[in-house]
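Asker: Sequence:
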Amino acid sequence: MKNKRSELNHEMRDSMNKNPNNWWGILYFNRNDPRTLVPKSNPTLGWTLNFGNMNTYLAIIGVVLIVILFTYFIK
12 MKNKRSELNH
22 EMRDSMNKNP
32 NNWWGILYFN
42 RNDPRTLVPK
52 SNPTLGWTLN
62 FGNMNTYLAI
72 IGVVLIVILF
82 TYFIK
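So for the sequence shown, this note's numbering puts the first residue at 12; every next one is plus one.
Because the hints were derived from the structure by calculation, they are not lab data. Do not rely on the hints blindly, as some may be mistaken.
[Said to hold, decoys possible] Calculated pairs, SDA-like style, for lysine to any residue (alpha carbon to alpha carbon, straight line, at most 25 Å):
id: 1; residue 1: K51; residue 2: I37
id: 2; residue 1: K51; residue 2: N33
id: 3; residue 1: K29; residue 2: R42
[Stated by the list, open to error] Per label pair, the in silico range of CB-to-CB distance:
id: 4; residue 1: S26; residue 2: Y83; range: 43 to 49 Å
id: 5; residue 1: I72; residue 2: N43; range: 21 to 27 Å
id: 6; residue 1: N32; residue 2: I85; range: 41 to 47 Å
id: 7; residue 1: K51; residue 2: I77; range: 22 to 28 Å
id: 8; residue 1: N66; residue 2: I37; range: 17 to 23 Å
id: 9; residue 1: N32; residue 2: N66; range: 19 to 25 Å
id: 10; residue 1: L48; residue 2: E22; range: 14 to 20 Å
id: 11; residue 1: F84; residue 2: R24; range: 37 to 43 Å
id: 12; residue 1: I85; residue 2: N43; range: 37 to 43 Å
id: 13; residue 1: V74; residue 2: G36; range: 20 to 26 Å
All C-beta atoms, glycine included, are put in the ideal place defined by N, C-alpha and C.
Can you build the whole structure from these sequences, using the hints too?
Answerer: Here it is, written out as structure tokens:
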């Protein structure tokens, strides 16, 4: 049995995800949503990044740095 708090959080996350104001075309941007990965507006299409979350930018920078370092050391 789920408690009220987890149900409320789940309902809030679902409502934030379904709000069209949080979607900029194919990008999801919501500073109030703590998730880094969120389901796309059509959940059968997978997941997307929340560009309102700072962890998203840190992850992107990390991936870019790994690619740059990898190509630098391959030469």
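Asker: Hints the structure violates: just list their numbers, smallest first.
Answerer: Those not satisfied: there are none.
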